[in-house]
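A.B. asks: Residues per chain are reported as follows:
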Amino acid sequence: MGMALGMYIGAARAFPGRLTPASNELEKTEDLTPAQFRGGFGMRMPAPPVFIPRPPVVRPPVVRPPTPRVRIPSVVRPPIAGRPGLNWRLPGLRAVGATGRTAATQVRPRPGLTGLAARIPRTGLIGRGNRTAVRAPRVGIIRPADGRGVFRNRVGVTRSVVGYGRVLTTRGVRKFALPASRGAKQGGRLSKAANDNVPPGNGKDGQGMNSLPGVKITGVGERFLISGRQGALSAAIHKGASDLLRQRDRVAAARLLRGIRTNAYLYKKGYDRAPFAINRPIKRIVSGSARGFVRIVDNPTRAAGGFIMRERDLFHRSGRRLTAAELKEKFALNFTPKKIVDVKLPPGTNLILGYAAGVKGWGSGGGRQYFIDSRFSEREFRKIFAVRDGADL
Amino acid sequence: MKRKKDNKIKTIKIETSTAIKLAISLFYEDHSDLVIDEMPLANFLQRGGVDLNNADLVVILDEYIVITNGINTGDFGAYAFDRLGKFKWVFSNPYDSPIHTIESQSTGQIKITLQSGLVLLLDGEGRLLRKLEDR
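Top to bottom, those sequences are chains Y and Z.
Residues in the first sequence are numbered consecutively from 1, following this note's numbering.
Residues in the second sequence are numbered consecutively from 394, following this note's numbering.
Please keep in mind that the hints were generated in silico from the structure rather than gathered at the bench.
The reader is advised that the hints may include incorrect statements.
[Said to hold, decoys possible] A few chain Y residues facing chain Z, derived, Cβ under 7 Å:
1. Lys268
2. Lys269
3. Gly270
4. Tyr271
5. Ala304
6. Gly305
7. Gly306
8. Phe307
9. Leu333
10. Arg375
11. Ser377
12. Glu378
13. Phe381
Built from N, CA and C at the ideal position, the CB exists for glycine as well.
Build the full structure now, drawing on both the sequences and the hints.
C.D. replies: Below is the structure:
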């Protein structure tokens, strides 16, 4: 019997596909006809399978040395020489494990590197059980391709290039400005879908927003866009974001981003030059029975337009009315105004209130202005504007 | 159009769509029953994407009639047809603002002002040449 069992085991090893219990052909005996059953394989019915348990493997316990932990300094670093205003703070790291769970941890120093590079986690695909601590969403995975565009890392944290090679990023309610090169150093992969919303541009004027060199920035839950041509605006963001980074001013940061968003909204309407100062308050309001709005124009036949102001803002604090040149400077106009147009807004008109941004060659700005953000039929729109007789500037 | 007994025009009230149809009939020399491609004119325009009931502006420029889309359509483009009712060009407005005025220039260009104040210059084929900001 033992010998027969040994022969069977040997045959099972030699023909595993036919004699193993997992073979379906032998298990489905009821479905076979007697002729098929007898002559199917040309041999007699095999013995029932035998389960041979494996002896348990006893492994010695692995004693691993404790992982050295590096405490990340929470101090604000001094500005790096040659880059005034640069001042960044390594954010606390949170790691995402391979299973998707989030756990707070720190990053072990990378061997062979010193300084900042040693504390920046290496990025890339993470294998199972391999370096789960390096997938840090706060540090991000970002690679600017051509110096502009939206870049989003794999875990959904968005950073944006805001000009001058700077990256604007958001962590909680705080805003950070980092050089794009540093972001690139941190980065590994760029999500292919991250740049889908970036308009392709050939840089020519007059082709619509799809061809203008724009920078599309994505904030927390919102998208906004500024023009790549807005050098002054980019510089303001550059400086402002760096300042906010240093001062950690939440209110100013929110104001800055609101200004960027508003100008980006108007960029879609064709205003390449930022109409609103981003370091001043901007509000969206709805007009009631609004009176006292005017518009100043150079040609009475072109009375209609999107930007209006309060009539009292045409006056100096001393009571005298500002001259045409002063108004041009105050509201950053590209023409010298000659006429005042009365504006009668229908109740419920959406307005954007802000302060005129300075435009090189036009004026320094600073005047309070409103943008009509409602759509009207042509008939309604014509009714809004009425040239005031005898009100020359 | 209502006339009083003294034959003086007191008031004229025309709905927008009626005005547009009136302008079209004037342009086509009162051939309001003009049939193009075996279709009435209104159907022909509608086939080209122009909804006369939603159009906001109709401007007659020398040899063309330009019809804009209304604010309800969400697309603030313009369509031009010649006197034979033949579709000439379409201007696809890339900016998020309805068209306010359309004027022809002596140079043959077409100047379009948007409600946002933006001024666009088109060539005779409806292609965008320049964009001027206006505050």
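A.B. asks: Against this structure, judge whether each hint is valid.
C.D. replies: Status of each hint after checking the structure:
1. Lys268: holds (5 Å)
2. Lys269: holds (5 Å)
3. Gly270: holds (4 Å)
4. Tyr271: holds (6 Å)
5. Ala304: Because about 6 Å separates Ala304(Y) from the closest Cβ in chain Z, which is inside the 7 Å limit, the hint holds.
6. Gly305: holds (3 Å)
7. Gly306: With a closest approach of 4 Å, the Gly306(Y) hint holds.
8. Phe307: Result: holds, 5 Å to nearest chain Z Cβ.
9. Leu333: Since the shortest Cβ distance to chain Z is 5 Å, the answer is holds.
10. Arg375: holds (5 Å)
11. Ser377: holds (6 Å)
12. Glu378: Holds - the Cβ of Glu378(Y) comes within 7 Å of chain Z, reaching about 4 Å at its closest.
13. Phe381: holds (6 Å)
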